[in-house]
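Asks: Which chain is which? The protein sequence lines are A and B, in order. No gaps in the numbering here: position 38 of the first sequence is 38 in our numbering, and each next residue is one more. Convert by adding 1000 to the 1-based position in the second sequence; the result is the number in our numbering.
It is possible that some hints are incorrect.
To be verified - Here are the simulated lysine-lysine pairs, DSS-like style, with alpha carbons at most 30 Å apart:
1) B:Lys1055 / A:Lys57
2) A:Lys57 / B:Lys1071
3) A:Lys57 / A:Lys22
4) A:Lys58 / A:Lys42
5) B:Lys1057 / A:Lys71
6) A:Lys106 / B:Lys1057
Source of the hints: derived by calculation from the structure; they are not laboratory data.
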Amino acid sequence: GENVEQHPSTLSVQEGDSAVIKCTYSDSASNYFPWYKQELGKRPQLIIDIRSNVGEKKDQRIAVTLNKTAKHFSLHITETQPEDSAVYFCAATTSGGGADGLTFGKGTHLIIQP
Amino acid sequence: DVKVTQSSRYLVKRTGEKVFLECVQDMDHENMFWYRQDPGLGLRLIYFSYDVKMKEKGDIPEGYSVSREKKERFSLILESASTNQTSMYLCASTLPKGNYGYTFGSGTRLTVV
Chain A
1 GENVEQHPST LSVQEGDSAV IKCTYSDSAS NYFPWYKQEL GKRPQLIIDI RSNVGEKKDQ
61 RIAVTLNKTA KHFSLHITET QPEDSAVYFC AATTSGGGAD GLTFGKGTHL IIQP
Chain B
1001 DVKVTQSSRY LVKRTGEKVF LECVQDMDHE NMFWYRQDPG LGLRLIYFSY DVKMKEKGDI
1061 PEGYSVSREK KERFSLILES ASTNQTSMYL CASTLPKGNY GYTFGSGTRL TVV
């Protein structure tokens, strides 16, 4: 089955700086790669996703890049703010949109230092 | 506007008890999922369901079963709870093609003593 590795497990950045979280996946047939944000005590929420026919996607301060050849994808957050502090999970799946389940990475705890 | 509701936020059960975790969604989603979340391990898929009375094993189904008698309700069952099943359990739902991502419930923190 699919295996997703996520790094780093903890990331501390100064407010206003950029943050990058990286994930690799094992199954070359994976075609959907979402990112979820989980604030303390709350449910995970989808923040951005990318499909295998696209190399990059942006939504305001957040962007995701995908390198299918290397089987890795990354989350980029620019101009970080205190409300960006959370645990971020990447995921991958071979089923369209995750209808058969998503394989998640182990999470990155992002800490924004004031 | 809560759309995926898990019946209990916190639950404490004894070893050997039969435990039911309930999840209800009001978005008319066909696909529903149960994950467990443990520190340092991320979210791991236990079971999922395409439709009423349909179920599929995920990555860690041992010790669990599920029931889906109605489209909106997906239950996770621990036949004989054990201490290694102490965890946060998250229910989620999505459309068949998975568009728009998953909607998660708030989670049930289960402690087995």
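Asks: Work down the list of hints and note, for each, if the structure agrees.
Replies: Hint-by-hint comparison with the structure:
| no. | hint | verdict |
| --- | --- | --- |
| 1 | B:Lys1055 / A:Lys57 | violated (34 Å) |
| 2 | A:Lys57 / B:Lys1071 | violated (34 Å) |
| 3 | A:Lys57 / A:Lys22 | holds (15 Å) |
| 4 | A:Lys58 / A:Lys42 | holds (24 Å) |
| 5 | B:Lys1057 / A:Lys71 | holds (26 Å) |
| 6 | A:Lys106 / B:Lys1057 | holds (20 Å) |
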